[in-house]
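Just so you know, the sequences run in chain order B and X.
One point on numbering: in the numbering used here, the residue at position 126 of the first sequence is 126, and numbering is uninterrupted.
One point on numbering: in the numbering used here, the residue at position 83 of the second sequence is 83, and numbering is uninterrupted.
Heads up, some of the hints might be wrong.
[Said to hold, decoys possible] With a Cα cut of at most 27 Å, we get these calculated DSS-like pairs of lysine-lysine:
(1) 489/B / 474/B
(2) 344/B / 151/X
(3) 165/X / 370/B
(4) 357/B / 190/X
(5) 117/B / 140/B
(6) 151/X / 337/B
In short, the hints are calculated from the structure, not lab data.
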Amino acid sequence: MEEKYRVQMRSVKKSFAGVKALKGVDFSLRPGEIHALVGENGAGKSTLMKILSGAYVMDEGEIMIEGQPVIIGTPRKGKELGIGTVYQEFELANDLTIAENIFLDRLGKNGIIRWKKLFADAEKIMRELGFDINVRSLVKDISVAYKQVVEIAKVLSGNTKILILDEPTAVLTPRETEKLFDTMKTLKKSGVSIVYISHRMDEVFSIADTITTMRDGEVTGGGAIADFDVDRVVELMIGRKLSTMFPVRSAEIGAELLRVEGLYGDVFDNINFNLYKGEILGIFGLVGSGRTEIARAIFGADARKGGRVLIEGNEVDIRSPYQGTRHGIALIPENRKEQGLVLKMPIKYNMTITNIKKVNNAFGVINRRKEDELVQELVRKLAVKTGNVNNSVESLSGGNQQKVVIAKWFNTDSKIIIMDEPTRGVDVGAKVEIYNIMNELASQGVGILMISSELNEIIGVCDRVMVIDNGEKKGELIKGEMSEVSIMKLVVGGTGEWVS
Amino acid sequence: MGKLKSGLTGDLGEKLRAYLPIAVFVILVVVSSFLSKNFFTLQNIFNLLRQNSGTILVSLGMLLVILTGGIDLSVGSIAAFSSVLFATLLDGRSSPPMALPLALLITLLCSMAFGALVGYLVAFQKMAAFVATLASMTAARGVAYMISHAKTIPISNRLVNIFNKGSYFGVPFSVILALAFFICVALILKFTSYGRFVQAIGSNETAVRLSGIRTNFYIMSVYVISAFMCTFAGIIESRTGVGDARVSQGLELDAIAACVIGGASLSGGKGTAVNTLMGVLILGLIGNIMALMKVAPYPQQVIKGVIIIVAVLLQGKDKNRRSH
Chain B
1 MEEKYRVQMR SVKKSFAGVK ALKGVDFSLR PGEIHALVGE NGAGKSTLMK ILSGAYVMDE
61 GEIMIEGQPV IIGTPRKGKE LGIGTVYQEF ELANDLTIAE NIFLDRLGKN GIIRWKKLFA
121 DAEKIMRELG FDINVRSLVK DISVAYKQVV EIAKVLSGNT KILILDEPTA VLTPRETEKL
181 FDTMKTLKKS GVSIVYISHR MDEVFSIADT ITTMRDGEVT GGGAIADFDV DRVVELMIGR
241 KLSTMFPVRS AEIGAELLRV EGLYGDVFDN INFNLYKGEI LGIFGLVGSG RTEIARAIFG
301 ADARKGGRVL IEGNEVDIRS PYQGTRHGIA LIPENRKEQG LVLKMPIKYN MTITNIKKVN
361 NAFGVINRRK EDELVQELVR KLAVKTGNVN NSVESLSGGN QQKVVIAKWF NTDSKIIIMD
421 EPTRGVDVGA KVEIYNIMNE LASQGVGILM ISSELNEIIG VCDRVMVIDN GEKKGELIKG
481 EMSEVSIMKL VVGGTGEWVS
Chain X
1 MGKLKSGLTG DLGEKLRAYL PIAVFVILVV VSSFLSKNFF TLQNIFNLLR QNSGTILVSL
61 GMLLVILTGG IDLSVGSIAA FSSVLFATLL DGRSSPPMAL PLALLITLLC SMAFGALVGY
121 LVAFQKMAAF VATLASMTAA RGVAYMISHA KTIPISNRLV NIFNKGSYFG VPFSVILALA
181 FFICVALILK FTSYGRFVQA IGSNETAVRL SGIRTNFYIM SVYVISAFMC TFAGIIESRT
241 GVGDARVSQG LELDAIAACV IGGASLSGGK GTAVNTLMGV LILGLIGNIM ALMKVAPYPQ
301 QVIKGVIIIV AVLLQGKDKN RRSH
């Protein structure tokens, strides 16, 4: 064997309740490389990595570390073998210091903490990662980027040889991302192999040495990053040409629906824009740019501090979601599980919660037959794949859950629909269906505000886009002007630093 | 195949668990009939219901509060407050006696005002329900003592005495009242948008609010309804014909225990009226059985505590709570 691998996984199979999540996957990792693992949500990336780290047990297949067959099976065993994972969601104790968080599972011998040593050790680790920070700070007081680094410091120990980062930059600003990349390079130099799961093509191409693409539980391609380009990778991820993803827009753009003037709130300032009937207006911005807060302020979910909102020319004063809906605004929130759905309730109830008035009488008694009819109609219209609408909405896949969130607003006579990351965490097929639904809504004269951090989605779906960064509107582009470069230029203020 | 099987048993388990409180109640009835020949008489069943009719009312109000994810510790105190206010208004020691409907109405309004205040604090000021109701628990009891000067107030109103002692075809009036309210709450929870929203709020308040529902009004309303139920409970509890500031001590714990034994989740969203009724009756029956077996009062408390824990363990793990 010429090449030495740190990890070799061979024909790994894994099923969940009969659904094949991994259908015989091969994956290898060399010492000291940064290996990008890309694929749509549900492609099996996280499952594969959870098997490697010991969080899941595989059904079939073999794993070799440094050429030796191993059985991992538990996270503890994974750790002993030198595998550390940083998950998307932070698992930090906010009210403890950085140092305590780093050493949470090994605070001191016999449960007695030697604070001086603890802080000194923590400082040493942070310095090695390239960060000079007071390790006595409470985690709740530090920025997201630092939290990310604390997570990394937490999983790193003397013998960590394999580090798995699951979408580490999803919540980071470009500057913070750069810092993280520096840290990754430092680790790489010291011989750590890094598996880097990400959606962002520009980042993958700027940091990774090798790449593996996955789709539907299978590996669809891989090799040295130099042999790939973005289009090729995206095609391998989604299994079709990009151009067939987005529907042809058929809506006619009509009169002004919504006008926002000088809107300001806690994290955004002086936002001006308007939205027309039948238009899909994109709001591009990163997490934390203020885009979600702007949408929530218009809908009434958060208080706004000033500025005017006009609907069809009339000024409105919306102070609660209740008032927002009465003025014909709908919100599809960014986090469907926490904000969009009552997970434990039946699909049916979730669909009619926004338009209960259509199915109940003056005494608030629900007409079950009417409700069933309405629900059946919505299920048909949005092609929600469900055996039984009385099942809890929890039982649906991500894409179908998202359709339920959209269905909620389908029959409410909403004129303005705000969609915050409507396709996050749904598979390609469902994405296309959601784009088609948006298109249909627009052709009925609904105005849609779509917030997204996926550039190709913005470019593919929107008639117009406004770019938000740091709570400010950076500019606006119309269909013909939109491209990855032109949008990113607006984000970084024309320097193009981040894009390179 | 494997998927199908595990899915079914999981669902089935969930469905069976929903009937667990009824099953436990039936088992207890059977056990009781073996323990005592006197048990399985209509008289005794009505006795059990009558002894617990106040608790049934309060537990139903408590259920609504718990469904929204809250808790109401003030129920016992509001019942006592209602008891003395009602008696004072009827008795008219310092003023001319008031007509029964008016006295009832004023009592209801006063206790619902307590509920509204607490509900406002919880819903609009985002105060923890535990804290807000703890405060009103203390305050309402204090007001009760102030009104009554810590003395019992006899009620001489003829109608009240008929209500307290009388029955219809052998069913005591207080039992009829409790069962009527039980049916109301059960129907509201099952068939109205109000009931559905209350449960939804307990499951995910944010999602309901973002659906354009005025969640705060719903949250506030359950405390008002709880206080409404407490008023009737307070009047029933003074069935000896007196208003007394000392009645219904610890009633909040019995009501919470009844909801929990009935499978309600304290994190909200889960619980039914039928099972809450069963919860009350299970607790009542256990007291009954222990009395028949001549168990002394203090050990009775210990046994009750153990039974609450066993009942909740049987319901399985509270998945709701763990995910928070």
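Results for each hint:
Taken as a hint, the residue 489/B and residue 474/B pair is honoured in the structure, with Cα atoms around 10 Å apart against an allowance of 27 Å. Restraint check for residue 344/B and residue 151/X: not satisfied, since their Cα atoms lie roughly 50 Å apart, outside the 27 Å limit. Taken as a hint, the residue 165/X and residue 370/B pair is broken in the structure, with Cα atoms around 46 Å apart against an allowance of 27 Å. Between residue 357/B and residue 190/X the alpha-carbon distance is near 16 Å, which keeps this suggested pair within the 27 Å criterion.
About 23 Å separates the Cα atoms of residue 117/B and residue 140/B, which keeps this hinted pair within 27 Å; it holds. For the given pair, residue 151/X sits about 55 Å from residue 337/B by alpha-carbon distance, which is inconsistent with the 27 Å threshold.
In this structure, the earlier hints numbered 2, 3, 6 are contradicted, and the remaining ones agree with it.
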